[in-house]
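S.K.: Sequence:
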Amino acid sequence: MTTNAQEFARARGAMPGGVNSPVRAFGSVHETPRFFVAASGPYVTDVEGREYVDLVGSWGPAILGHAHPAVVKAVQDAAAHGLGFGASTPGETELAELIAARVTRDGVANPVERVRLVSTGTEATMTAIRLARGATGRDLVVKFAGHYHGHSDGLLAEAGSGVATLAMPGSAGVPAPIAAQTLVIPYNDVDAVREVFAARGDDIAAVIVEAAPANMGIVPPSHGFNAALADIAHAHGALLILDEVLTGFRVGPAGWYGIDPVPFAPDLITFGKVVGGGLPLAALGGPAALMELLAPLGPVYQAGTLSGNPLAVAAGRTTLDHLDAAAYARIDAAASTIADAAASALSEAGVTHVVQRSGNLFSVQFAAEPPVDYDTVRAQESFRYPPFFRAMLEQGVSLPPSVFEAWFVSAAHDDAAVARIVEALPAAARAAAQATAA
25 MTTNAQEFAR ARGAMPGGVN SPVRAFGSVH ETPRFFVAAS GPYVTDVEGR EYVDLVGSWG
85 PAILGHAHPA VVKAVQDAAA HGLGFGASTP GETELAELIA ARVTRDGVAN PVERVRLVST
145 GTEATMTAIR LARGATGRDL VVKFAGHYHG HSDGLLAEAG SGVATLAMPG SAGVPAPIAA
205 QTLVIPYNDV DAVREVFAAR GDDIAAVIVE AAPANMGIVP PSHGFNAALA DIAHAHGALL
265 ILDEVLTGFR VGPAGWYGID PVPFAPDLIT FGKVVGGGLP LAALGGPAAL MELLAPLGPV
325 YQAGTLSGNP LAVAAGRTTL DHLDAAAYAR IDAAASTIAD AAASALSEAG VTHVVQRSGN
385 LFSVQFAAEP PVDYDTVRAQ ESFRYPPFFR AMLEQGVSLP PSVFEAWFVS AAHDDAAVAR
445 IVEALPAAAR AAAQATAA
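Its first residue numbered 25, the sequence shown is counted upward by one per residue in our numbering.
The hints are simulated quantities; they were obtained by calculation from the structure and are not laboratory data.
A portion of the hints provided could be inaccurate.
[Stated by the list, open to error] Label-pair restraints from in silico Cβ distances:
| id | residue 1 | residue 2 | range |
| --- | --- | --- | --- |
| 1 | 329 | 177 | 17 to 23 Å |
| 2 | 346 | 177 | 35 to 41 Å |
| 3 | 91 | 450 | 27 to 33 Å |
| 4 | 137 | 407 | 47 to 53 Å |
| 5 | 26 | 214 | 51 to 57 Å |
For each residue, glycine too, the CB sits at the ideal point set by N, CA and C.
Based on the sequences and whatever the hints tell you, model everything.
M.R.: Printed below as a string of structure tokens:
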């Protein structure tokens with residue numbers, strides 16, 4: 025038997041910080057990270073043999089629950105025929121067709137006619153930006169403070185998620201001329217968008233935006249914001265890149281694009297997490313005329329040895345096949361119950377808070393008013409989250425180890441799992457109430 029602490033000490037001797045992705049180090053919650061060895065349905069088990077109800081869900085992909093039997097079988101069957109070929113497979117086409125068919129809404133033309141499969145969300149957004157620059161002949165990209173689009177050089181300026189957790193405004197190692205090609209403006213501020221286009225519109229290739237931000241906690245777009253982005257960008261000959269790496273196929277069958285109250289026309293959409301069913305796979309899609317600027321048909325180069333890996337493709341196809349109306353109904357219902365219970369427990373404990381939601385994604389933010397952008401997110405009493413997190417962990421509930429993350433519910437969160445979460449919330453709320461700023 026080993027312990028989490030022993031595993032972490034060993035890991036620090038082999039990997040920078042003992043992790044391969046910064047938020048896993050549990051630094052912002054002042055706790056020893058858990059090292060998991062098994063997962064099933066809504067549960068994960070650590071090296072000490074302790075089981076937790078999981079609200080991380082591999083950061084989104086485990087939407088059906090961990091180790092869903094159909095997904096596991098699909099991967100096993102694919103593996104039996106070979107782990108990869110470095111060549112095309114029918115499964116790639118099937119997944120691309122499935123992605124394109126899902127991204128629809130009534131009365132609006134399908135924005136995805138062609139799909140390129142890649143391995144990570146970072147690769148998807150990086151490729152989308154390269155494609156936008158190739159299509160427009162322009163260099164500048166507009167992004168929003170607090171939005172996280174992966175760790176490519178030009179997109180780390182005022183990013184959310186792990187960067188926010190570590191209180192880093194960007195990253196060392198990013199050359200100033202590259203950073204200068206990204207214009208960072210406040211989120212949910214249409215006037216700021218108009219102003220940046222008035223000043224630099226002829227040089228802007230694209231606006232990139234999280235469809236419904238989930239990397240600085242949940243901060244929903246204001247009514248019609250995405251539609252306004254599309255209108256302003258198109259009026260200046262620029263493109264709109266809709267980042268649905270987190271929301272795609274999670275908040276609904278067509279992602280946020282399908283449920284935004286105001287229809288709008290993105291030019292490129294990036295996908296990740298759910299689309300790979302838990303294995304490394306992501307994608308970008310858009311109209312044929314734009315997507316076919318990618319090599320081998322066009323001058324915009326992108327390649328990947330593992331792009332469209334048959335195991336990842338099998339996991340993604342099977343996950344999407346099982347995400348029917350009943351599955352989304354279970355996810356939505358469980359998410360509502362947990363979010364409502366969290367709000368109730370915090371209110372009972374006298375903790376100032378809001379619980380913000382975008383579909384079935386939600387997060388707790390320790391603020392009196394709903395945050396609308398990165399500045400208001402950072403102004404919250406984030407010191408209350410570490411004791412809240414630790415109290416939940418002690419009671420067997422694994423939350424995201426950062427206040428700047430969404431909570432992920434799966435179709436496997438049944439009544440028993442939800443009850444365990446609800447029962448743990450009052451003690452965690454009291455711990456948050458007793459917290460003091462350092």
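S.K.: Of the numbered hints stated previously, which ones are contradicted by the structure, given in increasing order?
M.R.: none
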